[in-house]
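Asks: As given, the protein sequences belong to chains Y and S, one line each in that order.
By this note's numbering, the letter at position 16 of the first sequence is numbered 16, and the numbering carries on one by one without gaps.
By this note's numbering, the letter at position 342 of the second sequence is numbered 342, and the numbering carries on one by one without gaps.
These aren't lab readings, by the way, just hints derived from the structure by calculation.
There could be a bad hint or two in this list.
The list makes no distinction among identical chains, and a pair is therefore deemed to hold if it is satisfied within one copy or across any two copies.
[Said to hold, decoys possible] With a Cα cut of at most 20 Å, we get these calculated PhoX-like pairs of lysine-lysine:
| no. | residue 1 | residue 2 |
| --- | --- | --- |
| 1 | Lys150 | Lys378 |
| 2 | Lys238 | Lys228 |
| 3 | Lys29 | Lys288 |
| 4 | Lys150 | Lys403 |
Number of protein chains: 2
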Amino acid sequence: MTEFTVTPPSGMRDILPNEAYLRDTVVNKILDVYRKYNFEHIETPSLENIDNLKRQDGGENLSLIFEVLKRGEKLDQELQSDKINRDNLIDYGLRFDLTVPLVRYYVNNQANLANPFKAIQIGSVWRAERPQKGRFRQFTQCDIDIIGVKEESAEIELIDATANALLAVGFNDFEVIVNDRRLLAFIVTALGFTSDELAKAYILIDKIDKVGIEGIKNEAISTFQLEKANALMEMLSKLDQLVQANNSDLVNNFAQLGLNNLNFVELEKIIQPLENVLRICRSLSQDKYSLKFEPMLARGMGYYTGMIFEIKAKSIAYSLAGGGRYDNMIGKISNRNVPACGFSIGFERVIGLLLENSTNGNPDLNKLALIYNPEMDKLDLVMKELSNLQNMNYNVSVIPRKKEISKQLNQLIRHSFSKYCIFKQGEQTQLIKDFNI
Amino acid sequence: MTEFTVTPPSGMRDILPNEAYLRDTVVNKILDVYRKYNFEHIETPSLENIDNLKRQDGGENLSLIFEVLKRGEKLDQELQSDKINRDNLIDYGLRFDLTVPLVRYYVNNQANLANPFKAIQIGSVWRAERPQKGRFRQFTQCDIDIIGVKEESAEIELIDATANALLAVGFNDFEVIVNDRRLLAFIVTALGFTSDELAKAYILIDKIDKVGIEGIKNEAISTFQLEKANALMEMLSKLDQLVQANNSDLVNNFAQLGLNNLNFVELEKIIQPLENVLRICRSLSQDKYSLKFEPMLARGMGYYTGMIFEIKAKSIAYSLAGGGRYDNMIGKISNRNVPACGFSIGFERVIGLLLENSTNGNPDLNKLALIYNPEMDKLDLVMKELSNLQNMNYNVSVIPRKKEISKQLNQLIRHSFSKYCIFKQGEQTQLIKDFNI
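One chain only, chain Y, in its complex shape (with noise of 0.2 Å):
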């Protein structure tokens, strides 16, 4: 007999009652207000061909995959050859977030789906990370993405869905930020870095948020010349000083920045929808929320090709949602190059902070423990009790009767009843006490 383990597996978590109801009706409330946009739910298999996983601009995700074994003769032939080769032994992969699925999702069906196509995902993803606090190794994603739009009214609708659907889930202290990826490449190519170290550069960029411009200095040095290093760290600050400054002028800001060769043709092409999106989505906000321009907003994802957002909340420093318009990603697996753009809420950390402010356990006063003596009680009586508790909106638990009565109520209290009774045979209406809470 092989050993039980009574705990999930490592990094992996068992979700309470509370917070199941909690995460189903966050879940509720989000799909409601994404179908007001049209956004329609779909689903795709937890697992994926692992050549497919493993394609993409996944970044460090693809040394995170939990990969599937092989099985029956195909398997067998692989642990027979005499050298065996790893990537031979699996054919499947858990999906490590899912924006891989959407696209191919969005390939394989095309012609069953709308034109634009307007997705909600909420799924869970896995990723083999090493097990931390806070961190988990699988957690939910809620994704909402719009493909085939190469206007912006689709980064507006995304931004305009995602900071509704958190004000309804109870967020109300929040900023929506905004950056363009090619304004970053616009400073760092023409600072002299090449395209291969464009990746990099945005890796570096997007700490910032986190330790400050002189937080990346030393990682700056030493992953470029110190010259580049020292030229980006430099432009940096003079963006840093501009956004401090607050000059709405962005184009003009641009300028002061005084980089060689700044095509301003180009750079208006750009510019002007993040200003639209900024202007349009502030006046559609009614003031429930702030938007602002933050040209070191980098994100880390590769696939990034224009317009990237986060909405921050303003009392802690979390991101409660990124994403990002990514034109390229479809027409690398297919023979059609088609526009798309997504936004995703951070599922789990949006619920931790609703958990941490939560009313738990406070009474349900709805819930109500129907008690009965099993040896004496006639059942058919007690059980007809049940429709008629519920016929007056009680939920109800029918409960066989314990010797140590107060320890049962005791524990009744605990798990948020807040009403019972005593079943009791010839009654016609039967007795219901409120906890003294």
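We have chain Y already, so just place chain S on it with the hints.
Replies: Leaving out everything else, chain S in the frame of chain Y:
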């Protein structure tokens, strides 16, 4: 560059928006019913330690587990060993049902759970079955379980709740059939079958439902000694005749079987609760569905210890739900025996039947397309209309106009839009048109 496969892994599937919407609706209706009985939704990870999965009475499911490769150093070590043992390459597996995880969850979290603990689980399970029509390798199970009640009030709550859930999602022509595993054990033991042969006999009897008594004869003869097989076949025919005669005195029925050494006191102890459940559930059903004792109901799983039940759609030969009591399962992995009983809705079958009868693709009266011209219209004003129309209770998609507008409108009709408006600058109120359908 590796291949990108646009289809899902073999036997798994993408769920299109119409079906996903139906699934969400059905889940919420089921949850609403179950919560009236204070069942609580819980979640467990999709992965379990592989030893947990391989240890239980999983029957043939054990050979269908998707196994997960170890990672990092642990894997490297195994791959470098002289003789590779496939079992050492893996540490986790995808769950093949929700019962093994539930039992682990209960033992792991007992101190924080209500007593009795009434769980709802709705989640994916994975089985590497040979792909075939209507069978998927990832599918949803929908279970309720009551842990901690030995009395038949648990069976009654489970049956009442599950039947009401099926009524709530739109089924009304079904029958609940009930039996007790111990009655089958009585018969088979009296015929001289050893306890090792019991499980095989259950699996055989379970097939009568599909192929009739005569249909299992050959398998009976090839599985058991000829004499035993014949005795079993004879007894099953007698039992069938008694059931057909519709004699409601169950104890008397058993007397007529002429079994050796039948202990009527023990028999009574099993039959009386069974009759209670039938009588009380009939009364709770208010004739919305029927209930029947079915002495040849066996159910496949090895772990049942008492009453077993199924719900069958009458018009079609399908089972919609199945369950039973499994009092020994928790005791096997913890130091304390705890009674348990569960009922599982065949979620995929329910969805399949509802899809067949659905009015899929009918226009949605709230679904509106706001079409604008990206080259002409001011996006500020267009997006303001998004809010206005949402406030009028429409679900709104903002859609850039294409050259072939009539083709575009036709595509919207196919995706259940019922209304559209072509944005017109300067109009106080936009003209909302109905699609002529």
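Asks: Each hint should be assessed against the structure and marked as holding or not.
Replies: Comparing the hints with the structure gives:
no.: 1; hint: Lys150 with Lys378; in the structure: between (69 Å within a copy, 16 Å between copies)
no.: 2; hint: Lys238 with Lys228; in the structure: within (15 Å within a copy, 92 Å between copies)
no.: 3; hint: Lys29 with Lys288; in the structure: within (18 Å within a copy, 33 Å between copies)
no.: 4; hint: Lys150 with Lys403; in the structure: between (69 Å within a copy, 15 Å between copies)
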